[in-house]
Structure formats: structure tokens, C-alpha cells
Amino acid sequence: MRGDLVLRVIAKLLIPFILVFALYVQFHGDFGPGGGFQAGVIVAAAIIFHALIYGLPMTRRVVPEWVVEIMLASGILIFAGVGVATMLLGANFLDYSVLAHEPAHGQHRGIFLVELGVGITVTGVMLMIFYMFAGRSRSPHSEK
Amino acid sequence: MSTTLINTALLLMMAVAAVAIARTRNLFSVVILGSLYSFLMATILLVLDAVDVSMTEAAVGAGISTVLLLATLYLTQSEEAKPHHNPLIPLAVALVTVGLLAYGTLGLPEFGSPDSVIHKHVAPRYLKEGPTETGVPNIVTAVLASYRGFDTLGEVGVIFTAGIGVIVLLRRRWRSDVDEKDT
Amino acid sequence: MTHEIINLASWLSISAGSIFCLIGALGLLRMPDFFTRMHAASVIDTLGAGLLLFGMMLQAGFTLVSVKLVFVGLLLFFTSPTATHALARAARARGLGPKLPDRK
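Protein chains in written order, with my numbering: chain A, 1427 to 1570; chain B, 19 to 201; chain C, 2 to 105.
Hints in this document: simulated from the structure, not taken from any laboratory. These numbers come from a predicted model, not from an experiment. Treat the hints with care, as some may be off.
Unchecked claim - Cut-off 25 Å, straight-line C-alpha distance, at most; resulting in silico cross-link-like pairs (DMTMM-like, lysine to aspartate or glutamate):
#1 Lys1438/A to Asp103/C
#2 Lys146/B to Asp1430/A
#3 Lys100/B to Glu128/B
#4 Lys69/C to Asp1521/A
#5 Lys146/B to Glu97/B
#6 Lys146/B to Asp1521/A
#7 Lys146/B to Glu1528/A
To be verified - Each pair of labels, with its calculated beta carbon distance range:
#8 Val1489/A to Thr37/C: 21 to 29 Å
#9 Val1489/A to Asp34/C: 38 to 46 Å
#10 Ser20/B to Thr64/C: 18 to 26 Å
#11 Thr64/C to Pro155/B: 13 to 21 Å
#12 Ser20/B to Lys69/C: 18 to 26 Å
#13 Ser83/B to Val1489/A: 40 to 48 Å
#14 His137/B to Leu30/C: 41 to 49 Å
#15 Leu187/B to Arg1486/A: 14 to 22 Å
Using N, Cα and C, we set each Cβ at its ideal position, and we do this for glycine too.
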């Protein structure tokens, strides 16, 4: 399937729209269905689609492994960091009301940051699992 | 009435897909049937008005899981090995457990009834004051990220641990992979 | 009055779309060969889904929902022929040929 003209054209056409849709789902999670988990999975699906059409080495060049590792860790760091920030501002852990001048605004900001962290971690983990699985070659003893 | 009909039809299709997964030998067909099962599950979740979960289930189950299973299938043989023993006793144990669980669900309150106990404690407060307190109209996101933020932190921690586990278990340097095969 | 016409048109459109989905499913079961089965299944993606979406758009009127339905239709328009192409190419790469009549 690699390098087929029709698939390459359609992939080039569709992958940007899938990524934009993932961003829409991430940031529109406040007003409609969506949120961090869904957006993370959609971004991972777009990059896996790229890997299926263009080959895994090409995708490793576009999204290198160290980027995925950083994504994996920084998502949960953002989440816990919001909690620590609220503690430094004087309230309990993960009490978003103190993040802004008004409790409702603070909650909104806290939810935004927390969902961002969730989305980044989910993307990183899905991509890392795919890279680990798809990068293995067939070892001789499994051919029966 | 029409909702019951749709639900029954979808659940029947899911049961048929599950039986087909259990009975098929060819693992490639099993993977595709698994993807079909996930897609039917996403549709049932949509009919039950759980749109967020349905979106996640469709993307993970019918999309990424299938690709991962196919990548795994590439590494091993694609025909299931014959079972060594007669599966009658495990089947009997499974049927007895299913019977006990089904008998247990008779004691639960009716499906979706607003008088059940879980809808009386904090849920009315979340529904009434969620949009004003958090400034976010979507109740699911408000409960997930604000009211039950600790649970979401734990969830992200679990996902992170899964990623770390996969890295620790499966990562190899490419050169040492070749060296191992030579020795 | 036009409300009734729109209702009738959308009813007809959705019924016709469902009938074409059934025809496609029947063709998927009864056709003799892999390639003919794929060709029968493509009816579901084109006529079936198209008529169903059109009926739903008539129901929704000139709102944002219609625009979203148009986008769903565009997505199906781009991805279902690609899927059929990929399937057929994979089958050819494995050596599966169409079932030709015996020439004797």
C-alpha cells in the first residue's frame, strides 16, 4: 500500500483536515462533545494514517521519537502543574477558583489547561505504542 | 418503542459478532470482527446519548486498536492454535457466572429511572449549578475536569504508566537487535 | 403546505436510501466474486448514504446542521472510493484475479 498514488493524494488531502478537526474537538469540548481524550486519539489516528501510507521511517522523521516522549510526559506535567499552581496561590490542590479574578473564570481556565494536558498525554501514549509495535521486525522463530 | 427496537437490533448484532469472534479460527477475520464490534458499541453509546464516550470508542476501538492488532498479527502466525482440552467445564463456569450476574441485576433500579439512588446525591447539584459554577456548558467536561478532577488525574496517570510500560518492555536499540540474532 | 412537501420529499428520500442500502447488502451476500461484491457494496456508500443525507438535510432546513451533513457527505465522497481502491489493490497484490468465464 505504500507509495500508491491515489492513497498518497487522498492522505495529503485529508490529514490536515483531521488535525484541524482534532483541535476543534479539543477546544470545543466545553460547549459540545469532546475534550482531551477524544482529541488526543484523533491526532494519533491522523499520524498513524500518515505512517500507513508513507511508511514508518518517513513518519519517524516527521514526528521523531523524542518528540513523542516529551509529549507523553509533558501532558501529565501540565495537569499536575495546575494543581501545584493552585496550591501555591493559596487554595487546595486542583481548586481552580483561584486561577483568575473570578471563580467561574478561574474554573474555565483550569479546565482548559487540564484538558490540554490530557490531550497531549493521550496523543503521546497512542503514538508511542504504535511506534513500538510497528517498529518490530518479524523474527525468524515466529514463522511456523 | 422505536428506541427499544433500535437497541435490540444493535445488541443482537453485537451478540452475533461476539459469537463469531469466539468461533472463528482465522485471526485476521477476528481482528476485523473486533473492529466491527467496537463500531457497533459506539453506535449503541450514541443511541444512549453518551456522545463523548461514543467518539472515544469509535476512534480507539474501530481505529487505533485494529491497526495495532494488525501490526501484531504481522509478527506472528495468523491462524489460531487448536485448543488442547475440551472447553465444556470453562463453558459451564462461564454460564453459571452469567446466570448469577443476570439474577443480580434484577435487584438494581430500573434502567435510566430518575429515582435511583445515584441520581439523588450530588448529581442534581452538578446538573443545576455546573454551568454557572464552572462557566462550562458541557456537564460531562465540567464533571470530568473540575468536580472530579482527581479521578481524571489518576486516569492520565494510568495512561502514562501504560506508555512507560510499553517503552520499558519493548524498546530496543536497533543495533543490539541485530547483535542478539547473531549470537 | 411547503412543510408537507418537504416532509414527503425527505420521507421518500430516506426510504429510497434505505432500500438502496438493502440492495447493496443483498449484493454483498449474493455476488459470486470478490470484485463484484466490492462493486455491489459501493452502492451503499454512494446512493444509499447520499439519499439518506439528502433526506436529513431536508429535515434540518437551512441551519448549521445541514452544513455539517454536507461535510459528512464530502468525507464519504472522498474516502469510500479510496477504500475500495485500496481493497482492490491489496487483492491484486495477493494474486486474486477476477473470476473470468471458462473459455473452451
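Against the structure, the hints:
| no. | hint | in the structure |
| --- | --- | --- |
| 1 | Lys1438/A to Asp103/C | 42 Å, violated |
| 2 | Lys146/B to Asp1430/A | 54 Å, violated |
| 3 | Lys100/B to Glu128/B | 43 Å, violated |
| 4 | Lys69/C to Asp1521/A | 37 Å, violated |
| 5 | Lys146/B to Glu97/B | 55 Å, violated |
| 6 | Lys146/B to Asp1521/A | 20 Å, holds |
| 7 | Lys146/B to Glu1528/A | 20 Å, holds |
| 8 | Val1489/A to Thr37/C: 21 to 29 Å | 40 Å, violated |
| 9 | Val1489/A to Asp34/C: 38 to 46 Å | 41 Å, holds |
| 10 | Ser20/B to Thr64/C: 18 to 26 Å | 24 Å, holds |
| 11 | Thr64/C to Pro155/B: 13 to 21 Å | 19 Å, holds |
| 12 | Ser20/B to Lys69/C: 18 to 26 Å | 23 Å, holds |
| 13 | Ser83/B to Val1489/A: 40 to 48 Å | 20 Å, violated |
| 14 | His137/B to Leu30/C: 41 to 49 Å | 45 Å, holds |
| 15 | Leu187/B to Arg1486/A: 14 to 22 Å | 20 Å, holds |
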